[in-house]
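Enquirer: These are the residues of each chain, in order.
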Amino acid sequence: MNRNRTIKVIFLISFLLNTTIALGQEQNSISTDNNWFQQVRWSPYVVGAGIGILSWISFLLSDHPLGVSGAYAQSYGMIEKWFKRKDVEQQSGMQKNAPAISWEIMLVIGLFIGAFLSAIISRDFRFEFVPQLWDTKFGDNAFIRWLVALIGGFIMGLGARWAGGCTSGHGISGTLQLVVSSWVAVVCFFIGGIAATMFIYYVIG
Amino acid sequence: MEKLRQKKGLQLFFGFLIGICFGFLLQKGGITRYHIIIGQLLLKDFTVVKVMLTAIIVGMTGIYLMQSMNLVKLHAKPGSVGQTVIGGLIFGVGFGVLGYCPGTVTGAAAQGSLDALLGGMVGLLFGAGTFKMFAGNLLKDVLKKGYFGEITLPQLLKINKWIVIIITTAILLCVLYIIEKLGY
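Protein chains in written order, with this note's numbering: chain A, 169 to 373; chain B, 6 to 189.
To be clear, the hints were calculated from the coordinates, so they are not data collected in a lab.
Note that beta-carbon positions come from the ideal geometry of N, C-alpha and C, so glycine has one too.
Hints may be right or wrong, so weigh each one.
Unchecked claim - Listed below are the simulated DSS-like cross-link pairs for lysine-lysine, each with C-alpha atoms no more than 30 Å apart in a straight line:
| no. | chain 1 | residue 1 | chain 2 | residue 2 |
| --- | --- | --- | --- | --- |
| 1 | B | Lys-149 | B | Lys-78 |
| 2 | B | Lys-78 | B | Lys-137 |
| 3 | B | Lys-137 | A | Lys-249 |
| 4 | B | Lys-49 | A | Lys-305 |
| 5 | B | Lys-186 | B | Lys-163 |
| 6 | B | Lys-49 | A | Lys-254 |
| 7 | B | Lys-145 | A | Lys-249 |
| 8 | A | Lys-249 | B | Lys-12 |
| 9 | A | Lys-249 | B | Lys-149 |
| 10 | A | Lys-252 | B | Lys-166 |
| 11 | B | Lys-13 | A | Lys-252 |
| 12 | B | Lys-163 | A | Lys-249 |
| 13 | A | Lys-254 | B | Lys-166 |
| 14 | B | Lys-49 | A | Lys-252 |
| 15 | B | Lys-78 | B | Lys-163 |
Stated by the list, open to error - Reference excerpt, derived from the structure (chain B facing chain A, CB under 8 Å, subset only):
| no. | residue |
| --- | --- |
| 16 | Gly-35 |
| 17 | Leu-46 |
| 18 | Lys-49 |
| 19 | Ile-61 |
| 20 | Asp-120 |
| 21 | Gly-151 |
| 22 | Thr-157 |
| 23 | Ile-164 |
| 24 | Ile-168 |
Can you make the complete structure from the sequences, with help from the hints?
Expert: Right, here's the structure in full:
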């Protein structure tokens, strides 16, 4: 009985992988680069399947779902502690243990390096302050773009901790476990995101 | 496997390696680019949805298979209307204003997007910290409103999980098929 089910599931997985790979090849055929790693873009289906497999590895090896926003909250806590400890040290001369670096923070540090490697290898790395799409609508003023990005980041960070996860923690890791709160969250992410973006680009812009 | 999971230093190294793969994939998918994310939120470019739905289909099947073999356990996050709906909408507004999400803003900073590095990441750090430090206590009652707990769809619907997985997969594949057929 159990074995039967396992066989069925293996069939299902191989079917799914074949479909995603086939869909991926259809899109990739435009590219003429010989080295896969040097390509600027991979098919979204290949990337999505890769992230799905990465979540298997993450659950299996580390018992952790992929999630990013928690690391930012922890980092903020560490920075605050660091400043506070300076005060304490000045007052009493005592030194406490440094706060431990967590799995989540290592994930985000790795994420940064991985994206950097990808951009460097494919020569997609370039310094850019104002994204082109923003430039065509709102001009190339770097200060305005910085301020909007700062405010947007602040609202997003607040919302991520409020909802208990972000596009990776809820949007991918939670939804793939079929968690109810994550499906509710991801729908709300997109409702809020679509409304804000359309307001910015069609009403203000 | 339990022993492996308790080795702290090794676990941090695993987190780091998994992060490298994650960042590499996000950048290769183009979803660390502002115009791709805004294109999605303006419903003109469906790269983000394609990546997410494929990740869900592949991830879900594998995770539930491993769960039924007792290799992994699920990590369902609790939620409530006050927490998930309000927080989700706030997140969404920030997501649209910034044009990156927490993972992709980190990846964008690494590819040279300075608005992500100096604006988005700093704002995110303070926003996440502010909630943790202040709002968590002030909003206790709001967060509890309409609590629906740590449940999954099969538990909610009281249907066998494999039926839910197959139906979900079929729906998501249809959505992807329609997106492709419409030429996005």
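Enquirer: So, for every hint listed, does it hold in this structure?
Expert: Hints and how they fare:
1. For the proposed pair Lys-149/B and Lys-78/B, the alpha carbon gap of about 26 Å is at most 30 Å, so the pair holds.
2. With a CA separation close to 27 Å, the supplied pair Lys-78/B and Lys-137/B stays within the 30 Å bound.
3. Note on Lys-137/B and Lys-249/A: the hinted pairing holds, with a Cα-Cα distance of about 13 Å set against a maximum of 30 Å.
4. Our distance criterion of 30 Å between C-alpha atoms is met by Lys-49/B and Lys-305/A, whose separation comes to about 16 Å.
5. Using a Cα cut-off of 30 Å, the hinted pair Lys-186/B and Lys-163/B is violated, with the two alpha carbons roughly 34 Å apart.
6. Taking the CA atoms of Lys-49/B and Lys-254/A, the gap is near 50 Å; set against the 30 Å cutoff, the hint is violated.
7. A hinted pair counts as satisfied when its Cα atoms are at most 30 Å apart, and Lys-145/B with Lys-249/A qualifies at roughly 24 Å.
8. Distance check on the hinted pair: Lys-249/A and Lys-12/B sit about 26 Å apart at the alpha-carbon level, within 30 Å; holds.
9. For the hint pairing Lys-249/A with Lys-149/B, the CA-to-CA distance comes to about 29 Å; that is within 30 Å, so the pair holds.
10. Restraint check for Lys-252/A and Lys-166/B: not satisfied, since their Cα atoms lie roughly 48 Å apart, outside the 30 Å limit.
11. For the proposed pair Lys-13/B and Lys-252/A, the alpha carbon gap of about 27 Å is at most 30 Å, so the pair holds.
12. As the CA atoms of Lys-163/B and Lys-249/A are separated by approximately 46 Å, the hinted pair breaks the 30 Å bound.
13. Taking the CA atoms of Lys-254/A and Lys-166/B, the gap is about 52 Å. The hint is violated against a cut of 30 Å.
14. Distance restraint check for Lys-49/B and Lys-252/A: the Cα-Cα separation of roughly 47 Å exceeds the 30 Å cut-off, and the hinted pair is therefore not satisfied.
15. Pair hint Lys-78/B plus Lys-163/B holds up; C-alpha atoms about 19 Å apart against a cutoff of 30 Å.
16. Taking 8 Å as the C-beta cut-off, the interface hint given for Gly-35/B holds, the closest approach to chain A being about 5 Å.
17. A hinted interface residue such as Leu-46/B counts as satisfied when its beta carbon comes closer than 8 Å to some beta carbon of chain A; here the least separation is about 4 Å, so the hint holds.
18. The beta carbon of Lys-49/B comes no nearer than 10 Å to any beta carbon in chain A, farther than 8 Å, and the hint placing it at the interface is violated.
19. At about 5 Å, the closest approach between the beta carbon of Ile-61/B and any beta carbon in chain A falls short of 8 Å, and the interface hint on this residue holds.
20. Contact between Asp-120/B and chain A, as hinted, is supported at the beta carbon level, the nearest pair being about 4 Å apart and thus within 8 Å.
21. Proximity of Gly-151/B to chain A is violated relative to the hint, the smallest CB-CB distance being about 10 Å (cut-off 8 Å).
22. Taking 8 Å as the C-beta contact cut-off toward chain A, the hint placing Thr-157/B at the interface holds, the least distance being around 5 Å.
23. Taking 8 Å as the C-beta cut-off, the interface hint given for Ile-164/B is violated, the closest approach to chain A being about 11 Å.
24. Annotation: Ile-168/B was flagged as interfacial toward chain A, and the flag is violated, the nearest CB pair being 11 Å apart, outside 8 Å.
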